[in-house]
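J.: Sequence:
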Amino acid sequence: MIWVIFILFSALTRGIGDIFYKKLSFDFSPQTILLFSSFLNILFLVPTFGCIEVLEPKLMGFVFLKAVAMTTAWLLFLYSLKKLPISVATPLQILSTLFAIIFGFVFLKEYLTILQSLGIFILLGGLLTLQIISKKESSRKTSSFLSMAFFSGVLASFFSALSLTLDRYLLRNLIDPANLQFWFYIFIFINTFLVFLVLKTPYKKALQNLKTKWWIFVILSLFLVISDRTYMMAATYPLALLGLLIPMKRLSIIFSVFIGGKAFKERNLNSKILATFVMLIGLVLMVW
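Mapped onto the working numbering, the consecutive letters of the sequence shown carry residue numbers 399 to 686.
Source of the hints: derived by calculation from the structure; they are not laboratory data.
Heads up, the beta-carbon is just placed ideally off N, CA and C, and yes, glycines get one too.
Keep in mind that a hint or two might mislead.
Restraint-style ranges between C-beta atoms, simulated for each label pair [to be verified]: (1) Ala661 to Ile500: 31 to 37 Å; (2) Gly459 to Trp612: 33 to 39 Å; (3) Cys449 to Asn668: 24 to 30 Å; (4) Phe675 to Val402: 16 to 22 Å; (5) Ile450 to Phe591: 19 to 25 Å; (6) Phe503 to Phe549: 18 to 24 Å.
Calculated pairs, SDA-like style, for lysine to any residue (alpha carbon to alpha carbon, straight line, at most 20 Å) [as the list claims (entries may be wrong)]: (7) Lys421 to Gln606; (8) Lys603 to Asp425; (9) Lys421 to Leu406; (10) Lys663 to Ile531; (11) Lys481 to Ile440; (12) Lys480 to Tyr635; (13) Lys480 to Phe580.
Start from the sequences, fold in the hints, and give me the full structure.
T.: Now the structure itself:
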């Protein structure tokens, strides 16, 4: 199935993108990273400007809501990624599948099967294991489970699931992926720029660091644009169920945990990879 190839390629490029995000987090604030990358994302779409159309007000409103949810998710995720090892921060994204199932249960009256319930317990067990490993690495007396960085990662998954759910609605209403991606990036940039101003983010040091790190932003944005476009193309296929799209997109954590953990020489990596795979087993059962 073509949509499976699209979503797996989206996962691969997103996983590589997370590694570049982590690299940039050492020198830039979350809002600065998102502001620069979203601006470059728009520039990469310049060749498609001739195909862009203004959406009807209702659909434009939904795109704006999606952008607000994803702006929040990105800022929370980048904060989590800045404070936590990549092998801890990225597996938290698996929780977006759990939140998607909760959305279905609450809003669509969808009931959990026995396998889904078992998958939730296994996923949470893997998550708890990951946090125990993380706590052993921490010099603080308080558990990272209660830290602001961990909580930010959990909230990021919640808002990400909301945004991905809106994707399904928008793309099924005959919005061309190029249109959705363009207006989505425009709103992301505007939202982030407002956050940048409200927080009075220092920009002089950021511009100075940009002189030597600009190429990382270019590569990052290229991977993100490809990841988003292939995901949106996959979501247009009738057989591509939302319950499969979100977890398959989250396979990106395999690349970010393994490759990123190796690249940044993080401790207890084998144990973290094992905990991540336990979470993935839970994820598979949740969508079975």
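J.: Look at each hint and say if it fits the structure.
T.: Hint by hint, here is what the structure shows:
1. Distance hint check for Ala661 and Ile500: the Cβ-Cβ separation is about 34 Å, which falls inside the suggested range of 31 to 37 Å.
2. At roughly 35 Å, the beta carbons of Gly459 and Trp612 sit within the given window of 33 to 39 Å.
3. Checking the proposed 24 to 30 Å range against Cys449 and Asn668 shows it is violated: the Cβ atoms sit about 47 Å from each other.
4. Between Phe675 and Val402 the beta carbons are some 21 Å apart, a value that agrees with the proposed interval 16 to 22 Å.
5. Restraint check, Ile450 to Phe591: a C-beta distance of roughly 20 Å satisfies the suggested window 19 to 25 Å.
6. Between Phe503 and Phe549 the CB atoms are about 23 Å apart, so this pair conforms to the stated range of 18 to 24 Å.
7. Under the criterion of a C-alpha separation no larger than 20 Å, the hint pairing Lys421 with Gln606 is consistent with the structure, at around 16 Å.
8. For the suggested pair Lys603 and Asp425, the alpha carbons sit about 9 Å apart, so the restraint of at most 20 Å is met.
9. For the hint pairing Lys421 with Leu406, the CA-to-CA distance comes to about 23 Å; that exceeds 20 Å, so the pair is violated.
10. Annotation: proposed proximity of Lys663 to Ile531 holds, straight-line Cα distance about 16 Å (limit 20 Å).
11. At most 20 Å may separate the alpha-carbon atoms for a hinted pair to count; Lys481 and Ile440 exceed this at roughly 28 Å.
12. Only pairs whose Cα atoms come within 20 Å are accepted, and Lys480 paired with Tyr635 is rejected, the gap being roughly 35 Å.
13. Among the hinted pairs, Lys480 with Phe580 is inconsistent with the structure: their alpha-carbon atoms are about 27 Å apart, more than 20 Å.
Violation of the numbered hints given earlier is confined to hints 3, 9, 11, 12, 13; the remaining hints are satisfied by the structure.
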